[in-house]
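Please take these sequences and the hints and turn them into a complete structure.
Order-wise, the sequence lines are chains A and B.
According to the working numbering, the stretch in the first sequence is residues 1 to 115, in order.
According to the working numbering, the stretch in the second sequence is residues 1001 to 1112, in order.
Mixed in with the good hints, there may be bad ones.
Okay, derived cross-link-like pairs now, EDC-like style, lysine to aspartate or glutamate, Cα gap no bigger than 20 Å in a straight line [what the hints assert, rightly or not]:
| no. | chain 1 | residue 1 | chain 2 | residue 2 |
| --- | --- | --- | --- | --- |
| 1 | B | Lys1042 | A | Asp63 |
| 2 | B | Lys1005 | A | Glu44 |
| 3 | B | Lys1042 | B | Asp1079 |
| 4 | A | Lys11 | A | Asp24 |
Worth flagging that the hints you see were computed from the coordinates, not collected in a lab.
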Amino acid sequence: GAGVSQSPSNKVTEKGKDVELRCDPISGHTALYWYRQRLGQGLEFLIYFQGNSAPDKSGLPSDRFSAERTGESVSTLTIQRTQQEDSAVYLCASSLEPGINQPQHFGDGTRLSIL
Amino acid sequence: QQQVKQSPQSLIVQKGGIPIINCAYENTAFDYFPWYQQFPGKGPALLIAIRPDVSEKKEGRFTISFNKSAKQFSLHIMDSQPGDSATYFCAAKDTSYGKLTFGQGTILTVHP
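What follows is the structure, given as structure tokens:
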């Protein structure tokens, strides 16, 4: 598996519960991104990690959302006290570095449904 | 200023037709413009990308046209096939930052 891997592929949970989404980037990719895609919409940027630099959290919609990344490997996106408006597909992408002409490679996402 | 506006929302063409999808942006700091193709249940996949110092780029049946003064760019799909039926997203990036700013997407249907 050379691509970006996300788990779980689907998650159904009750309003108010916490959820944790996982992303395994392509090996060697130093940059990692999380995006949210609501039904029929484009992708909204959430957060971006680059190496050991402080992450760019400017897209996180509220303090219920947080993300971590261990070195240049796995990342987890955590949503606390989930709300129905959090229902969406959460996509992770990675790239060799965030510079010019480095394409972002996407996983297939986690489809999150809040009941 | 961070928005990328994409049109049309949906597009239906016959096989062999040339669908055209348009995008416009405001932020003059954007300097990288990729197009992504997304099939249902899958993540977006990069199709083709352009920098603003080039007015046109072609890869196979896909062509990007770029008009820097108008801050617009478009995707043309030559000799479209039913297998091209998918959602297409334009995006833009200021390479000083990591994130992509996406358009709202165009659902393309190519009838046999």
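Does Asp63 of chain A sit within 20 Å of Lys1042 of chain B, going by the straight-line distance between their CA atoms?
28 Å, violated
Starting from Lys11 of chain A, check that the Cα of Asp24 of chain A is at most 20 Å away, please.
17 Å, holds
For Lys1042 of chain B and Asp1079 of chain B, compute the direct alpha-carbon distance and say whether it is at most 20 Å.
24 Å, violated
Mind checking the alpha carbons of Lys1005 of chain B and Glu44 of chain A for me, to see if they're no more than 20 Å apart?
14 Å, holds
Checked against the numbered hints above, the structure breaks hints 1 and 3 and satisfies the rest.
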